[in-house]
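Chemist: Can you make the complete structure from the sequences, with help from the hints?
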Amino acid sequence: MEHRWKTAARRGRLAVLVLGTLIFHASRGGAVEWNLREFGCSYRLDDDTGWAELPSSSFDPSVRFAALRTDQKISVALTVKSLPGKAKVGPMFVKAFEDGMLRGNVRKLSGRYMTFADVPAYEVVAEGPVENSVMRVHCRTFMANGHIYALSVYSYDMVPEDAELEKLFSGYSWLSPPVVGGSGPNVRLILLAGAAAAVLVLVASIIAAVLALKKK
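Numbering of the sequence shown is given in our numbering, commencing with residue 1 and proceeding in unit increments.
One thing to keep in mind: the hints can contain errors.
[Said to hold, decoys possible] As a list, the in silico DSS-like pairs of lysine-lysine whose alpha-carbon atoms are at most 27 Å apart:
no. : residue 1 : residue 2
1   : 167       : 108
2   : 108       : 88
3   : 81        : 95
4   : 108       : 95
5   : 81        : 108
6   : 81        : 167
7   : 108       : 73
8   : 167       : 73
Simulated from the structure, these hints should not be mistaken for lab results.
Modeler: Structure follows, in structure tokens:
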């Protein structure tokens, strides 16, 4: 997987080299907010260190926003994919999601069921080698409104404190009460795995952004 991340990073580098001139409009500190009405949710960053929004053209279409903290150590992103059918966050869900995410040299550190934003969710923590360092991903995935959501915090060459992680995850909220699907296993597992893969592939674009900024 390391070579896959590097290859994808090289492919995305040309796109993200524009960061120096395009993204710092969002990096002056204070709050940054995304209202995703079509998915019934919003996300708000409250951090005086400042954040830079990464250009959406660099990512898989399922990535609804991605931002890189200006110290280049932490990124946060939300992916949303349509997921027709009824499903619950249970063993089948977890297996399909992890099969899509844990590939190559990416290894699982932990996983747990939880309630997040008032809906059933699953959190997986994984890491993999990147360049001469390590990228760690904390991903919380859940289903509502006919979609699968994955809110992820990526840390580059550092391990965030629990309080810092929770502050980042707490920026997520619903714009209206979510509609949670049924309890049956009728879910297109290939789409679920694809959603997980999008979380993983996003790493490449973030790496490319970090490398591009470091060269400036």
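Chemist: Return the numbers of the hints above that this structure violates; sort them in rising order.
Modeler: Result: no hint breaks.
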